[in-house]
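Student: If you want the building blocks of each chain, they are given just below.
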Amino acid sequence: MSLTLEKITKVVDGELHINDVNLNFEPGSFNVLLGRTLAGKTTLMRLMAGLEKPTSGRVLMNGADMTGVPVRQRNVSMVYQQFINYPNLSVYDNIASPLRLAGDDKQTIDRKVRETAEILRIENFLTRMPLELSGGQQQRTAMARALIKDADLILFDEPLVNLDYKLREELRQEMRELFKVRNTIAVYATTEPNEALALGGTTTVLHEGRSIQYGETAEVYNFPDTVACAELFSEPPLNLTKGEISDSEVTLDQATHFPLNADLAGLGRGNYIFGVRPSHLALFPVNEDDLEISVRVELAEISGSETFLHVRNKHLSLVLHLTGIYQYEVDASIKVYMPTHKIFVFDEDGKILKVPTRLPIVNQAGQISGGVQHG
Amino acid sequence: MSTKTLNSSNDFAQAAKKNKGIALPFTKGQFGMVCYLLFVLVPIYWLLNMSFKTNQEILGGLSLFPQNFTLDNYRVIFTDPTWYNGYLNSIYYVSLNTVISLLVALPAAYAFSRYKFVGDKHLFFWLLTNRMSPPAVFLLPFFQLYSSVGLFDTHIAVALAHCLFNVPLAVWILEGFMSGVPKEIDETAYIDGYSFPHFFAKIFLPMIRSGIGVTAFFCFMFSWVELLLARTLTSIDAKPIGAVMTRTITASGVDWGVLAAAGCLTIVPGVLVIWFVRNHVAKGFALGRV
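As they're listed, the protein sequences go chains Y and H.
Position in the first sequence (from 1) plus 1 gives the number in our numbering.
Quick note on numbering: our numbering labels position 88 of the second sequence as 81, and the sequence is numbered without any gaps.
The set of hints was computed from the structure by calculation and includes no laboratory data.
For each residue, glycine too, the CB sits at the ideal point set by N, CA and C.
There may be inaccurate statements among the hints.
[To be verified] Label pairs and their computed distance ranges (CB to CB):
(1) Y:163 <-> H:34: 48 to 54 Å
(2) H:96 <-> Y:163: 50 to 56 Å
(3) Y:125 <-> H:32: 51 to 57 Å
(4) Y:112 <-> H:188: 52 to 58 Å
(5) Y:15 <-> H:116: 19 to 25 Å
(6) Y:15 <-> H:124: 31 to 37 Å
(7) H:25 <-> Y:193: 53 to 59 Å
(8) H:108 <-> Y:125: 36 to 42 Å
(9) H:195 <-> Y:125: 58 to 64 Å
(10) H:188 <-> Y:217: 38 to 44 Å
(11) H:111 <-> Y:305: 36 to 42 Å
[To be verified] With a Cα cut of at most 30 Å, we get these calculated DSSO-like pairs of lysine-lysine:
(12) H:195 <-> H:114
(13) Y:113 <-> H:195
(14) Y:107 <-> H:195
Generate the whole structure from the sequences, applying the supplied hints.
Tutor: Written out as structure tokens, the structure reads:
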């Protein structure tokens, strides 16, 4: 089963929610929809499921037009951000309900329910009512109900958002395992770049109702097409600043200069948008061509064992993503180092011109490997 | 005055505690509650009291409890068909009205809670305005209409007339309960393969069952206590108990004892219904915008 969206547009109350989206999902693929809230992720999924009709465009399943077919007659399942179960049915009956409605016989249903419950590790709670379970278990129940029928298309609408951090990691890991063996199309919506990277597969970046980039997750991460995509697929967002390249040097925001290096030389004179990932900025010089910038600390945001250091000077406002915990007084004067060979360059309309080539590349499993040359 | 009583009793309780270590059998709050119930229940007690008295005793003077205890008044009601038919008629049209109101209001409330359509908010408010007009306004049109279509003096006539104020109420309460159920449950059901009627009966109704209970209670109560429409739209065959009770006023005076007994029996259905929904009523007030 392959799923194709053809020129899908959705207008609600005169507002464009989905704007001319074309996508193609292969059978057995795991697809991430990445975008901020209100980017259209949920609407797009509802269109795929058939819960809503597109204003124009077609939804094709294996080449057959399914646009007007109601959801009941499609073979899809969906897991919501909220924990949606039937509160008046036991966990067992919840999981069994799609099979019962399909008219399977009792033994098959029983076997499948127990199998699925075991995979999701809720086999001990089958007799309970959903509301007696913890959030994680409730969501597992919802996932079990989605997985038990061999749906052609499984949609996950930010299913892990309402769970605590530990559970999220755990379930995310399990999801990847679950879908390795299945021949269904999984679509997973998320706002978190890190989640997209951890899940792998392919990623579609949605921005204001448009699909702005589509490709293998790592590919999209490493080689963003546009400023919007680079910003979206980076947590905290990419540091961006306007600047200028002259014959001999690069000027960031009219004030910070560094000599033109080999990486940026090919671009020619002109105005550009420069971007650097927060994780590439450092407190100590690493390479000889690092640019030293004097800044003042605005805020040191400590999140677990990581620190997001917000700094600024007269012209630049930067965020550093540091491993480890760093305590800084507000307004402390420090120096940060920007690696001039790890700079993304976009033209003034936001199209990518230069992806840094000496960058460590994030591979499909989310691990960072050594520098890979990219043409 | 009651505050003063409260304080002094409290002082007394504390003094008793200090001096002899004897606590009163109730706290200040309980004392207040007892007083409150006493005042509320006095009229009802008086009704009950009267229903066990003879007419001579009722008219004879003040007595706190029946001197000549008698069940004759009740015997009259349970043996005279004009009396007990009054109860049966009332119960019949009230039940009919409750069922009709629920059957009409459930789909309507579902539509209001789930779908957007032109003028939905206005329509929803308009429903409520039906409750604002006094039933007397509709008396004449109802009477004329029912007479001309041959519905006069039937149970269904009263049941339908009472829908005037019960259906809006039921829609209003049920909509509150239904909106408390996330829309995603409906969608999940369709995704799982439920048809709409199947989903509605198997999943949705059980989820709002306390709302249905509360709605049924309110419909029952409002229909039970309504007298004007019920009396005007009936003459003999469907005469409600409220109208029958006026029978006690005759040329020879008022039959106080029978009237009191009838009054006591009129309270019973309400008490029974409230007993069944007692756990849900508070929820109904919170969710159901009553």
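Student: Please test the hint of 31 to 37 Å on the beta carbon pair from residue 15 of chain Y and residue 124 of chain H.
Tutor: holds (36 Å)
Student: Taking only the CA atoms, is the gap from residue 195 of chain H to residue 114 of chain H under or equal to 30 Å?
Tutor: holds (29 Å)
Student: Cβ-Cβ distance between residue 108 of chain H and residue 125 of chain Y: within 36 to 42 Å?
Tutor: Hint holds: Cβ distance 40 Å, inside 36 to 42 Å.
Student: Given the range 58 to 64 Å, decide if the beta-carbon distance of residue 195 of chain H to residue 125 of chain Y lies inside it.
Tutor: violated (26 Å)
Student: Between residue 125 of chain Y and residue 32 of chain H, does the C-beta distance stay in 51 to 57 Å?
Tutor: holds (55 Å)
Student: Honestly, do residue 25 of chain H and residue 193 of chain Y meet the 53 to 59 Å range at C-beta?
Tutor: holds (56 Å)
Student: For the pair we were handed, residue 113 of chain Y and residue 195 of chain H, check the Cα-Cα distance against 30 Å.
Tutor: The given pair, whose Cα atoms are some 22 Å apart, holds under the 30 Å limit.
Student: Does the Cβ pair residue 112 of chain Y, residue 188 of chain H satisfy 52 to 58 Å?
Tutor: violated (26 Å)
Student: Starting from the hint 38 to 44 Å, judge whether the C-beta atoms of residue 188 of chain H and residue 217 of chain Y obey it.
Tutor: holds (41 Å)
Student: Look at the Cβ atoms of residue 163 of chain Y and residue 34 of chain H and judge whether their distance stays inside 48 to 54 Å.
Tutor: holds (50 Å)
Student: Hey, residue 107 of chain Y versus residue 195 of chain H, does the alpha-carbon distance stay inside 30 Å?
Tutor: holds (19 Å)
Student: Regarding residue 96 of chain H and residue 163 of chain Y, is the given constraint of 50 to 56 Å on their beta-carbon distance met?
Tutor: Between residue 96 of chain H and residue 163 of chain Y, where Cβ atoms are some 37 Å apart, the hint is violated.
When held up to the earlier numbered hints, the structure conflicts with 2, 4, 9 and 11 and fits the remainder.
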